[in-house]
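Visitor: Here is how the chains run, residue by residue.
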Amino acid sequence: MSDEERIRAYMRGRADVSVPDDLRRPTAASGSRRRWAIWSARAWARLAVAGLVMAVLVVGVLSGLQMPTGPRSPSTPPASGSTLSTSQTPDPRFPSEVAGLPVISVAHAVELLRAGKLDGEAVAVAGYYQEVVPSCPYPGRYIGPLESWCRFDAFADTQSDAQLCEPEGSNGMSCHQPTGTYLEPFFMSETSGDVSTWLTAGATGEPAALVLIGHAGDARQWQCTASTQGECANAFIVDRIAWAPGQDVPLAAPQTGDQQSGKPITPRMTLAKAAAAAGQGDNVVTAAAFRAGDIATIDPRWNFAGDNILWLVRSLAQGALSQGEETRPETVSLVDDATGRLIDSHPLKVGGDYQPARLWQMATVHGLDCCGNNELAFYRVQSDNGTLVYEGVVPGGESGGTDSTTFGGSYGSGPLVLPAGRYSITTWLASYEGGAMGTPRDECSTQVTLRPLDDVALDADYPAGQTCTFRAAPSPS
Amino acid sequence: MAPREADAASVAATFEGLVGPWVDEMYRAAAAMVGEADARDVTQEALLDAWRGFARIRDPERVRAWLHAIVANRSRKHLRARRSRPRVVPILDWPEGTVDDRSTVLAERDRLDQAFDALPADQRIALVLHYVLDLSVPQVAAALSVPDGTVKSRIHSGVERLRAVLTAEDKL
Numbered sequence: 001m002s003d004e005e006r007i008r009a010y011m012r013g014r015a016d017v018s019v020p021d022d023l024r025r026p027t028a029a030s031g032s033r034r035r036w037a038i039w040s041a042r043a044w045a046r047l048a049v050a051g052l053v054m055a056v057l058v059v060g061v062l063s064g065l066q067m068p069t070g071p072r073s074p075s076t077p078p079a080s081g082s083t084l085s086t087s088q089t090p091d092p093r094f095p096s097e098v099a100g101l102p103v104i105s106v107a108h109a110v111e112l113l114r115a116g117k118l119d120g121e122a123v124a125v126a127g128y129y130q131e132v133v134p135s136c137p138y139p140g141r142y143i144g145p146l147e148s149w150c151r152f153d154a155f156a157d158t159q160s161d162a163q164l165c166e167p168e169g170s171n172g173m174s175c176h177q178p179t180g181t182y183l184e185p186f187f188m189s190e191t192s193g194d195v196s197t198w199l200t201a202g203a204t205g206e207p208a209a210l211v212l213i214g215h216a217g218d219a220r221q222w223q224c225t226a227s228t229q230g231e232c233a234n235a236f237i238v239d240r241i242a243w244a245p246g247q248d249v250p251l252a253a254p255q256t257g258d259q260q261s262g263k264p265i266t267p268r269m270t271l272a273k274a275a276a277a278a279g280q281g282d283n284v285v286t287a288a289a290f291r292a293g294d295i296a297t298i299d300p301r302w303n304f305a306g307d308n309i310l311w312l313v314r315s316l317a318q319g320a321l322s323q324g325e326e327t328r329p330e331t332v333s334l335v336d337d338a339t340g341r342l343i344d345s346h347p348l349k350v351g352g353d354y355q356p357a358r359l360w361q362m363a364t365v366h367g368l369d370c371c372g373n374n375e376l377a378f379y380r381v382q383s384d385n386g387t388l389v390y391e392g393v394v395p396g397g398e399s400g401g402t403d404s405t406t407f408g409g410s411y412g413s414g415p416l417v418l419p420a421g422r423y424s425i426t427t428w429l430a431s432y433e434g435g436a437m438g439t440p441r442d443e444c445s446t447q448v449t450l451r452p453l454d455d456v457a458l459d460a461d462y463p464a465g466q467t468c469t470f471r472a473a474p475s476p477s
Numbered sequence: 001m002a003p004r005e006a007d008a009a010s011v012a013a014t015f016e017g018l019v020g021p022w023v024d025e026m027y028r029a030a031a032a033m034v035g036e037a038d039a040r041d042v043t044q045e046a047l048l049d050a051w052r053g054f055a056r057i058r059d060p061e062r063v064r065a066w067l068h069a070i071v072a073n074r075s076r077k078h079l080r081a082r083r084s085r086p087r088v089v090p091i092l093d094w095p096e097g098t099v100d101d102r103s104t105v106l107a108e109r110d111r112l113d114q115a116f117d118a119l120p121a122d123q124r125i126a127l128v129l130h131y132v133l134d135l136s137v138p139q140v141a142a143a144l145s146v147p148d149g150t151v152k153s154r155i156h157s158g159v160e161r162l163r164a165v166l167t168a169e170d171k172l
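So the sequences go chain by chain: A and B.
Heads up, the first sequence is in my numbering, so the first residue is 1 and it goes up one at a time.
Heads up, the second sequence is in my numbering, so the first residue is 1 and it goes up one at a time.
The hints are simulated quantities; they were obtained by calculation from the structure and are not laboratory data.
Some clues are possibly wrong.
[What the hints assert, rightly or not] Here are the simulated lysine to aspartate or glutamate pairs, EDC-like style, with alpha carbons at most 20 angstroms apart:
no., chain 1, residue 1, chain 2, residue 2
1, B, Lys-152, A, Glu-433
2, B, Lys-152, A, Asp-3
3, B, Lys-152, B, Asp-122
4, B, Lys-77, B, Asp-110
5, A, Lys-263, B, Asp-49
6, B, Lys-77, A, Asp-194
7, A, Lys-263, B, Asp-148
8, B, Lys-152, A, Glu-4
9, A, Lys-263, B, Asp-122
10, B, Lys-152, A, Glu-325
[As the list claims (entries may be wrong)] Short derived list, chain B residues pointing at chain A, Cβ under 10 angstroms:
no., residue
11, Val-23
12, Asp-24
13, Glu-25
14, Arg-28
15, Ala-31
16, Met-33
17, Glu-108
18, Leu-127
19, His-130
20, Val-132
21, Gln-139
22, Ala-142
23, Ser-145
24, Val-159
Just so you know, these numbers come straight off a predicted model, no measurement behind them.
Here a beta-carbon is modelled for each residue, glycine too, at the ideal position from N, C-alpha and C.
Throw the hints in and build the complete structure from the sequences for me.
Guide: So, in structure tokens, the structure goes:
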């Protein structure tokens, strides 16, 4: 046997191990509650985050917990069965102020949110957090980025209200949906730091005590369908975890990735330099680097194309808070990572005159077996003045069968959110490997006029061996 | 690979459908990278990462490569964090194959283990992706987000270190 063969045999021997059954298949119990095996001590410790999540996901659809299958209030559950606390101040264990913002209770934050006072406004909220992500059936529809689908989590004023799971027996857990008054925070790709570090507490995964800085009325509400936009507008978006027991959590740039290739983004600038370039200094609540072509997925009011790196910086309005002031308007800025130039900034709050259209991209290729081919469909969208507003793969998964593949149009296929106007659209097919596109083929083009609030789905139809044509398709609803 | 039937997209769009088929491979890759004693934790961490990043996956059919990258990242973090911890030496199972001298095989494997455990994390990961999962150099490069040349260098360096063990064994 050659050295190469011996080394290969040795390497394979290292991987010749038995996969623990409980890693693949946790125990399950019937009835109104569900029990899951916990994989290990560390998984137990991380239960509150999602140690439970995978166990449940791998096992399949649960019988006990009712899965959300349609729109529901994401952040502010109905008040039925609960009484809003009149207390505006949280448990004394929490700090009274973080990042210049007074810390308020969850109950009070819910009141402000319901009154629309958190739209584009930062607020610091103290509470206890626990999350359970159950297994869910395929939704059969597009799920917007701020829709609360397939998750149970609670950020509540008391540990008991946030406690969603308790140990049961020697090797299981029982979980229930949240009750009482709570928020459902959305930790996003731009949320400061490594979020998962802070979402767990203790060795048994009890709810984590946290102070969150966040806002509502996020512009990503426009990436939800028209029918779920209202729900998405009420989502509580976390800019930053500001405090965890015993410490202030430092502001840190999260690890972000190229949304098309999945490769990690490595910016040249530091967060501090990006903040300084944005002219915000100490007022920053989060800053993260993204590929320019992905910025629209964070703030759809900016439509860029290209692979250059941009920092998205959110900051608080400057100046001291006046007496009784609990929230602070946020500004969002874009900084070019290569040059340090401030590209643009605008209030985080979405203006009432912002009335964009949604353009859903699809492509159906006949003669191509679904799925998993190296071949993908691409779109390029240019505004009437020639500005490139999108260039990349058709987002979302693939569907179809033998001899036909449809790209986009279902789960994961977010819309382009564009100002009203006339646009040139070009599609093509190409291979896509390792983040690199192959030679384009079968290009075809059309023009569309989008009016405010339009919901337009375009399907580029590729008959086998014939020229592509565009056809209207039903918009996700 | 993920199912290719007519409802493949529906199945593939669920996390379970996408990731479930790869759990075994993730675990075995983790075992090869960090050792069996820690493979479970690394696999769990990787699955959590996968869940957190799931919504951002635009290309579900490339989930295997994506999971390789996640396992590699988790293994790298784990190996670096483990530097200061005591090493757990597992009791080896008897290697399969036709061997005449058991003591020689055990000695070789033990020395290879020592040499492998002494490799930098990046070399270990590259060797596993290449030799255990049979990924080509470009595929390893894509999973690790490094140039092809870097992968070749890591594999070459790792192999040379292991080859040195074999050469020394052969001289005994």
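Visitor: Does Val-132 of chain B pass the interface check with chain A, least Cβ-Cβ distance below 10 angstroms?
Guide: holds (5 angstroms)
Visitor: Can you verify the interface hint for His-130 of chain B: is its Cβ closer than 10 angstroms to any Cβ in chain A?
Guide: holds (8 angstroms)
Visitor: Taking the closest Cβ pair, is Ala-142 of chain B under 10 angstroms from chain A?
Guide: Hint on Ala-142 of chain B: holds, closest Cβ of chain A at ~4 angstroms, below 10 angstroms.
Visitor: Do the alpha carbons of Lys-263 of chain A and Asp-49 of chain B lie within 20 angstroms of each other, as the hint requires?
Guide: holds (14 angstroms)
Visitor: Once the shortest beta carbon distance from Val-159 of chain B to chain A is found, is it less than 10 angstroms?
Guide: Constraint on Val-159 of chain B satisfied, holds at 6 angstroms.
Visitor: Tell me if Gln-139 of chain B is really an interface residue toward chain A, meaning its C-beta lies closer than 10 angstroms to one of theirs.
Guide: OK, holds: Gln-139 of chain B within 10 angstroms of chain A, min 8 angstroms.
Visitor: Can the restraint linking Lys-77 of chain B and Asp-110 of chain B be considered satisfied, given a maximum Cα separation of 20 angstroms?
Guide: Given that 20 angstroms is the threshold and the Cα spacing comes to 24 angstroms, the pair is violated.
Visitor: Does Asp-3 of chain A lie within 20 angstroms of Lys-152 of chain B when you go C-alpha to C-alpha?
Guide: holds (17 angstroms)
Visitor: The hint names Val-23 of chain B as touching chain A; please verify it with the least Cβ-Cβ distance against 10 angstroms.
Guide: With a closest approach of 6 angstroms, the Val-23 of chain B hint holds.
Visitor: Less than 10 angstroms between beta-carbons is the criterion; does Leu-127 of chain B satisfy it with respect to chain A?
Guide: With a minimum Cβ separation of about 6 angstroms from chain A (threshold 10 angstroms), the hint on Leu-127 of chain B holds.
Visitor: Asp-24 of chain B was flagged as interface toward chain A. Is the shortest Cβ-Cβ separation under 10 angstroms?
Guide: holds (5 angstroms)
Visitor: Between Lys-152 of chain B and Glu-325 of chain A, does the CA-CA distance stay at or below 20 angstroms?
Guide: violated (59 angstroms)
Violated hints, listed in ascending order, are 4, 10; each of the other numbered hints is respected by the structure.
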